[in-house]
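Using the hints, build the complex out of the two chains.
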Amino acid sequence: MLLVKNGRVLDPASKTDAAMDVLLDGETIREVAPAGKIAAPQNVEIFDATRLIVAPGFIDIHAHLREPGQESSETIESGTQAAARGGFTAVCCMPNTKPVNDNASVTRFIVDRAKAHGSVRVWPIGAASVGSKGEAIAEIAAMKDAGVVAVSDDGKPIATAKLARQVMEYCRSLNLSVIEHAEDVSLAAGAVMREGVTSTRLGLRGMPAAAESVCVARDVQLAELTGARLHVAHLSAKASLEQVRSAKSKRLHVTCEVTPHHFTLIDEDVTYDSRFKMNPPLAAREDREALLAGLADGTVDAIATDHAPHEPALKDVEFDKAPFGILGFETALSLALEQLVDTGRISLMRMVELFTAGPARVLGMERRIGAGQPADLTIFSLDHSWTYKVKESASKSRNSPFDGRTFKGAPLATIVAGKIVYKH
Amino acid sequence: MTQRFRDLLALEPLPADELTFLLDQSKPFQEIQRHPLKKLATLRGKTVALAFFENSTRTRISFGTAASRLGADTMNLQAEASSLKKGESLLDTVHTLDAMKPDCLVMRHASSGAADFVAQHLDIPVINAGDGTHEHPSQGLLDALTIRDRLGTIENLNVTILGDLQHSRVARSNIHLLGKFGCKFTLCGPAMWVPRELEKIGAPGVPIRRVFRIEEALEGADVVLVLRVQTERQYEPSISAEDYVLGYQLDAARLRRAKPGAIILHPGPMNRGIEITPEVADGRQSCVLEQVTNGVAVRMALLFLLTSGTTEDGTHPLAEATPTKNRRSTDQKDPSHASR
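Residue numbers (this note's numbering), protein chains in the order written: chain S, 1 to 424; chain F, 1 to 340.
Chain F on its own, in the form it takes in the complex (with noise of 0.2 Å):
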């Protein structure tokens, strides 16, 4: 393993191949959660801090329960019943953290760049766990996962993401990961959600395009990111529900416009008859369980890769099981047998 994983803060420095590598490395973490016993010992002894500095439930519990099915205890602070509540600074705050050990720290906060600002004030490695409408990296991962496993790839994909991207961390992170794979976007909602700079923000080459009727957008679709919406916002005017929905709601007619095959993903939670329409979102097309269920093996791959560090004689527990001459293989032994 490299000194490049200390962090994973987001997903827009990464390249392709070591993107490929964090998915790979997420396969055998899913075949775990198939077992009738899902707790490993991989990281026994070692302690994850899980710090909330904006409320999360799904995520929390994702990045927690991936910590104890490899074994490691968690340090939990959450935001209503944090000393952030006091006055504490945020530096103050994860610096008392970490002076309790810690041997990684996983955060999510409203203020976009906070993960990339407590890294460089700490030894220990950083998992953004979203930071306001930067990046989730652990997010664009898993449905990188969810797509590769349902599409068999993630190359040269159509991909739609409906809602308010303007606001949305998972957005770009999907635009992040995706783009490195040769995907094109299609933006789609009110356009006062999908500002035009959005078109610029992937590398150079990747093509977005904003549009503005959903059947276009949906338009030989083979995967469908649907956003949650939230129509109250603190600093602009809100929307109606009622004309969000006759404009961006996926529902099966519009969906018909995408490929047959199409995906649906959602980050979650959902408003259902909001932007998804119940029949779509529990339909055949959709992946927002196996979303939950990847998202558990992602985040025990990364906090794997990033925990792990070293071992006590000082080896790399990954050294035999990570060929370092191709670490894209996916035929690597299950790197829960590494401190077995």
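So that you can see chain S by itself, here it is in the shape it has in the complex (with noise of 0.2 Å):
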């Protein structure tokens, strides 16, 4: 057993914001009482949280571990144990693997090595059609009973609005949320960044802004048609934005994410340095006030780093030959305390409502503090000084356009069913 003592519990589910202890049986959480009020049972492990918060366990609902397929970027193994670090009990992770997550069988693998390898719980998502070529749909029911919790063709959109329609329809049957990486791929051929005057000046081809709402438009109302839990995946523009604020008050089950990227960085600060090249790449300044708007008003329901690990071999060449992507698991609450929390635009609970219960509502469950519940805690300081070296990364790859950047408060322990996977 484990009791954790006089920490500051955070609760979004649950709005508890108190000192309490938590008191950890195997893998549930058995007891939550104000602090002192626990009576220890003997031999129970104490981990002294005072002047820390204690929250539920994070949630990353978008995440690319690499394995199968591409190993020297990242495996189940080191990618958890990056998640670790940045304070996340679970990471959903994407199904562009080498082969793709499209059947039970890929499913069952990659589950079976977050077992024997994963510091932290691995929740795959299926692809929703066949190889994530948008012709055929992907054995989703078959992959439902395997283990994944929604399904995606991530890395590109669902080719077809007919298919997306199709794939929309049977998840709604199956109760598995739809992600979708919102992309209209003829504004966006060839493009390495956001168009704009940064793009126009050097000389990198853009895509605009409607390259991704033209395409969140097309699913909002293909939403609408079918009833279907819409999710969408690091969305990074103002006019995305808006139709998902406009489906919620219709009362669509639409729901969106937003990556720290998004909400830290703008085009502006784009470089030919290949670490600030990413798919939906660096948004104008007004997508970023729009989206620090939407993570505060409640249109935006998580934050999901979209953690995107390229060995240096892949990384480490011309601007628009480079891969997509950079890392995310180690800096995300640091970003979310500095650019969202420090700043006054949201309170500490909201934050931790787009780490926790957010994510959890978007794949139709739910996570709290609660006897009974599993015992899954982020335990983080609000004050902590570090400087990230991606050197240092537990990820197996080096792409991270935080390095060197020096951060106040960090995720001091993560603990995943009832065991601590990272302690500081």
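Take the hints with a grain of salt, since some may be wrong.
Estimated spans, in silico, between C-beta atoms of each pair [what the hints assert, rightly or not]: (1) F/110 to S/347: 42 to 52 Å; (2) F/87 to S/131: 20 to 30 Å; (3) S/406 to F/204: 23 to 33 Å.
No lab work stands behind these hints, which were simulated from the structure alone. The beta carbon of each residue, even a glycine, is placed where N, CA and C say it ideally should be.
Set out below in structure tokens:
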């Protein structure tokens, strides 16, 4: 048993913000009570959380663990270690592995590898179409039995409106969310960053914001047609956010996530350094402002990292030849504190919600600190000062634009199923 | 000479006085182009690596000629023959070249920022000979030199640029150079080739406007820069050559809208009959061949400035040739004497 003592428990689901002790018994939470009120059983392990925040276990609903197939960039073992350091107790891994997770045997492989080598829970996301090629529907029901928590053709959108509609109908019947990488591929063809003055100056091909929002418009209308649960991945454009906001006002089952890099950086930060290349690309200043507003007003449901490791040999090339994506696990919480909480944009409670109850809701789950709940906790400090050194990352890759950045606030312990999987 | 000329990657970051300095440095090398014996010993013993990852004829020959007239040896890498075709990364390729100990790398590459990227990994000076749709700094310099020779100044001119502005590194380098001397720019071409963001790529306050009628665009122009037009594109729908000619071809009648003494530049190679009529291309206002000659002079100046960084005894060969107090002086000694 493990007793987490004297922490400030922040639990958005029960709106708790108080000095509490949490007693973990095996894989579940046994008791939650005001500090000092739990009679510690004999031989209990004590974790002193004085001056620390004790939150429900963070969930990252958007990550790439690269296994199977691209183990030189990341493995389930290395990726989940990085996730644990970032305070995440569960990560959803996208299906664009090699082979694509479009059938139950790949799903089972991932689930089994995660059980054997994972530091945190791994919840696979299955492909929507076979090979994510946008032709036939993948074996979604079989993957659900094997453990997928949602479907997506992430890396690209579901290729056609017709197929997207079919997948939504099917997933609604299976009670699964459809996660869309919203992108009109013709508008984005050849683009390596957001279109704007910076892309024009640098001579880098840009995609307009409409490359995303045109596809969001399609998908929101199909969600209305089908009644499906649609979740917009890594939303970056103001126009996309407005459509999600309007869908929510119509009580459609539409949710969205925003990444730390999109609420921190903008297209003007882009240089010829491929660590600034991701998809969707860093957006315009006004898009970032809109995302900050959406994070504050509840339009955004979750912060998701889109952790996308690429080994140095792949990323250390000409900007337009580099693959899209950056690391995300280890800097997510610190960036959220720096950009959202310390600036007064959102409350600490709201931030915790965006990492816990919010993403859980997207997946049709709940996440809270209470007796009988899974013993997953994220314990973090608001004032621990540290510098991110990507060469010391647990990830196998090094592609972070935040290398060398100094932060105030960090995850100090990650507890999964009653076990401390990371402790600073 | 200062540290800031370690590489020449773009004209955008260079202030006006440094640009003037580079143009002034090209003067003596223009003289040499007129000599019956053009070969100097200035860079004897130095090696210039010419790495053209994108096909190019004139720029490669121009840099090669510049190097040889300075007495330098050259190493040549051409896209077709290169190991890039065998899957070698750009970094591995340039590290391999670098290991053969050239004193300078001149590179052309289809990716914007490629020269910048390489310069971060090499200790030798890197000269960008054109990177994607970003910049072509030596072209910008040779264009400015040509304008200054013909019109006597590069200040406060009306510069009209015709064609595919979006994909033009030549246009960008010209805007970044001439914009620092008070020039005003009028960009004209099919609207989808002239994105509105171009109006803001100059330094703050540089007037850049888009105009979609060629007659209006040419009104009062001192300089008309005609870009090479490619009607086939990888990522965009093509447009018909007939439409282009109808709307944007520079012909004699349209040219009369410009100032009487206006000059015409074209970076080449020209599509006669598409973006420019033969009559205009060969007319007295056209500077296209002077541009080519000046290209060699500018590139000699660049190679000289960047490659002769230190002499064997550690002193700079320009130490006496260039008074440090007044680097902008044009009457300095012919730098070709420096190592004679």
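Here is what the structure says about each hint:
At roughly 49 Å, the beta carbons of residue 110 of chain F and residue 347 of chain S sit within the given window of 42 to 52 Å. Separated by about 25 Å at the C-beta atoms, residue 87 of chain F and residue 131 of chain S satisfy the suggested range of 20 to 30 Å. Take residue 406 of chain S and residue 204 of chain F: their Cβ atoms lie about 31 Å apart, and the range 23 to 33 Å holds.
Violated hints are absent here; each numbered hint is respected by the structure.
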